[in-house]
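> The residues making up each chain are set out below.
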Amino acid sequence: MIEPHTDAPAVPDDAAIEEERHKLHPLGLLVNFIAGLPQLILPIAAVLFAARKNADFGSSLVIPIIAAVLLISLFFRWLAWTRFRYIIGEEDIRIESGILNRNARSIPFERIQDLSIEQRLLARIMGLGEVKFETGSGEGDEGKLSFVTVDEGERLRELIRDRKEGAATGGKPAPTKELPEGTLSFERDNTPPIFAMNARRVLTLGLFEFSLVIFAVLLGISQQFEFLLPFDLWDVGSWIGVVDVKDIDLNAISWTARIVGIIAALGSLILVGMATGVIRTFIREYGFRLDRTAKGFRRRRGLTTLTDVVMPVHRVQAAIVQTGLIRKRFGWHALKFVSLAQDSKEEASHVVAPLAKLDDIWPIAGEAKIHTPADATVWQKPSAKWWFDQWLMVTPLIGAGIIALMVFTDAGMKALLPLSLALFFAVTLFLDWRSRFHARDDSQLYARQGWWRPRLTIAPQVKVQSVDIHQGPIARMRGLAKLKFGIAGGDLEIDGIPVIEARAIRDQVLAEIVQVDFAEVNRAS
Amino acid sequence: MTQRFHISDMQETETAGALTKLHPDHIKVSRIVALIWAFIPTLLALAIEAAQLFGEERILPAGSFLIPILLLLVFLVIMLPVRRYNHRGYDMGADRIRIVRGYLFHSDSIVPFGRIQHIDVDQGPIQRRYNLATLTVHTAGNHNSTVSLPGLLHEDAIAMREEIRAHIKREAL
Numbered sequence: 001m002i003e004p005h006t007d008a009p010a011v012p013d014d015a016a017i018e019e020e021r022h023k024l025h026p027l028g029l030l031v032n033f034i035a036g037l038p039q040l041i042l043p044i045a046a047v048l049f050a051a052r053k054n055a056d057f058g059s060s061l062v063i064p065i066i067a068a069v070l071l072i073s074l075f076f077r078w079l080a081w082t083r084f085r086y087i088i089g090e091e092d093i094r095i096e097s098g099i100l101n102r103n104a105r106s107i108p109f110e111r112i113q114d115l116s117i118e119q120r121l122l123a124r125i126m127g128l129g130e131v132k133f134e135t136g137s138g139e140g141d142e143g144k145l146s147f148v149t150v151d152e153g154e155r156l157r158e159l160i161r162d163r164k165e166g167a168a169t170g171g172k173p174a175p176t177k178e179l180p181e182g183t184l185s186f187e188r189d190n191t192p193p194i195f196a197m198n199a200r201r202v203l204t205l206g207l208f209e210f211s212l213v214i215f216a217v218l219l220g221i222s223q224q225f226e227f228l229l230p231f232d233l234w235d236v237g238s239w240i241g242v243v244d245v246k247d248i249d250l251n252a253i254s255w256t257a258r259i260v261g262i263i264a265a266l267g268s269l270i271l272v273g274m275a276t277g278v279i280r281t282f283i284r285e286y287g288f289r290l291d292r293t294a295k296g297f298r299r300r301r302g303l304t305t306l307t308d309v310v311m312p313v314h315r316v317q318a319a320i321v322q323t324g325l326i327r328k329r330f331g332w333h334a335l336k337f338v339s340l341a342q343d344s345k346e347e348a349s350h351v352v353a354p355l356a357k358l359d360d361i362w363p364i365a366g367e368a369k370i371h372t373p374a375d376a377t378v379w380q381k382p383s384a385k386w387w388f389d390q391w392l393m394v395t396p397l398i399g400a401g402i403i404a405l406m407v408f409t410d411a412g413m414k415a416l417l418p419l420s421l422a423l424f425f426a427v428t429l430f431l432d433w434r435s436r437f438h439a440r441d442d443s444q445l446y447a448r449q450g451w452w453r454p455r456l457t458i459a460p461q462v463k464v465q466s467v468d469i470h471q472g473p474i475a476r477m478r479g480l481a482k483l484k485f486g487i488a489g490g491d492l493e494i495d496g497i498p499v500i501e502a503r504a505i506r507d508q509v510l511a512e513i514v515q516v517d518f519a520e521v522n523r524a525s
Numbered sequence: 001m002t003q004r005f006h007i008s009d010m011q012e013t014e015t016a017g018a019l020t021k022l023h024p025d026h027i028k029v030s031r032i033v034a035l036i037w038a039f040i041p042t043l044l045a046l047a048i049e050a051a052q053l054f055g056e057e058r059i060l061p062a063g064s065f066l067i068p069i070l071l072l073l074v075f076l077v078i079m080l081p082v083r084r085y086n087h088r089g090y091d092m093g094a095d096r097i098r099i100v101r102g103y104l105f106h107s108d109s110i111v112p113f114g115r116i117q118h119i120d121v122d123q124g125p126i127q128r129r130y131n132l133a134t135l136t137v138h139t140a141g142n143h144n145s146t147v148s149l150p151g152l153l154h155e156d157a158i159a160m161r162e163e164i165r166a167h168i169k170r171e172a173l
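Those protein sequence lines, which keep their order, are chains R and W. Residue numbering for the first sequence follows the working numbering, starting at 1 and increasing by one per position. Residue numbering for the second sequence follows the working numbering, starting at 1 and increasing by one per position.
The following block holds chain R by itself, in its conformation from the complex:
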């Protein structure tokens, strides 16, 4: 966008810097009220329904009841409006709100990433707009002024930009060098992508994405349309009956035939699962292409719906290298970038390479300034006590299971089931423990975990937002703790380490990160 702003002195003089207190536009009350009307339908309907039961006074009270509900709603909105004000201070915007619970929020100008003005139809007619301050915190809803006039919104936008620049350059506004956002999509289209997948690669990925979701869908459909079937789907007896009708004696089927039948059934299950995986993967990942543009990464993919996502490099908070038990044998890994933005509903992090060899993955991570763990990196393990404690926590459940079985059934042999469960947990928890490693170097934190789906999380220390040390009652007795690093868009967790080690790592990381301000970290370079 080209702002009509010239190099006229944009620094507000001292008189203008003093605090301004503002209320929202009174007409906004009306907009909110009308926009909120659908929510009132339910209470009104409930009241009317209650009144309808009492036939003789029902009809005469309909209008007063509706009017009363509307008035009460309007009254509370008005009350909230009178108690709402925003104050433009020297360094921050403050929003005070709340009828009973007073809330005073302070948003420093430096933290405001973006100010958006949204105009829906009704607000537009009245010349109003909803102003949102975005700071990039986890919740998304940091500050909202609904509604102010569009002019006021524009003024706020100018003001924040001026104050921000004024703060950044010590009073003098710097000329803006920001490129228009739209230039991203068509620049550098001729350069080769940094990662792409051909059809064969997509097919390979599809084979790994084994999915039995189709059976869930079929089950759902069959339940919906069960009445159309000539027999009861769930009545096994009638299934056997179907066989019987064809003059086949079940007992006459030999064991080999049964085994062949089971294998055939399993085989078709696997085949269907693989086919589903391949089809789904093709629809999602077909034509996968990742480009490095001037500002960040651009990812295009999809067969039916083509998606085109741009991720600025400085927004990447951490990288996840993920693989599977089987795909690891073939050297296949996936690379994801953690950021505040969400990839899709199912996927929190952006997949930038769904199936690639590590040699392809590290250069992509390198573009996001995330490097590989050095060969000399010393990997630490969680305490073995932790594995045992984890297992100990599931045993009461298994014990309860044994007792329940003893009470409700008479066969002692059935106790084998909970015992094998105990063994199962011991083995899986052990494998999980064995797969966990963590390390720290000058700039990054590493955490490896998972034996079924091994993953390595790499987070630059400067991107860490907060550090927690948690201890439950058992961990406390054993002197263990869970160390959790909050990252914008995810976290990095190291569980089951001695509490002193956790504190030592925390102190080292904190010493590293307090020197750098978050705004600095996330500024586009």
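Incorrect hints may appear among the rest.
In silico DSS-like pairs for lysine-lysine, Cα to Cα no more than 25 Å straight-line [said to hold, decoys possible]:
#1 R:K144 <-> W:K169
#2 R:K369 <-> R:K385
#3 R:K381 <-> R:K482
#4 R:K23 <-> R:K144
#5 R:K132 <-> W:K169
#6 R:K23 <-> R:K132
These aren't lab readings, by the way, just hints derived from the structure by calculation.
For chain R, the structure is supplied; the task is to place chain W on it using the hints.
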């Protein structure tokens, strides 16, 4: 440079004395809140008890509903707030805020000022009576993106907010 951790190299970095306690009135506020929460269960217990007492047949001895509920109340309203108060604390460092809470489930969070996105000072109706407030800091994260600290004197909460804000301002320069 990577270091291997040896227990002998590590020192206890946690010094319990370094933590600032919350305002003692916070106990009163927690008690009132607990009382409000306990109101309905107590009423229910009383009702059941009364129904038993004046009912046709007595199945359980008198007080078998009321006594457990009252004991629970004593614990929730009288003991728990003190216990929680004793295990809560914070520390305003030069560049970070540390918030410690819980005994059974202990948690110890540190948020560097440089990572704080915005700051809330909240006051509920009961807190207002005792001039207390809750300070909440928000970071750009999903995990633990808000860390709150109740039981501060309202003026202290405001002062802490200003201190953090001043720090953010300095850092961004």
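> Can you name, in rising order, the numbers of the hints this structure does not satisfy?
Result: hint 2 breaks, nothing else.
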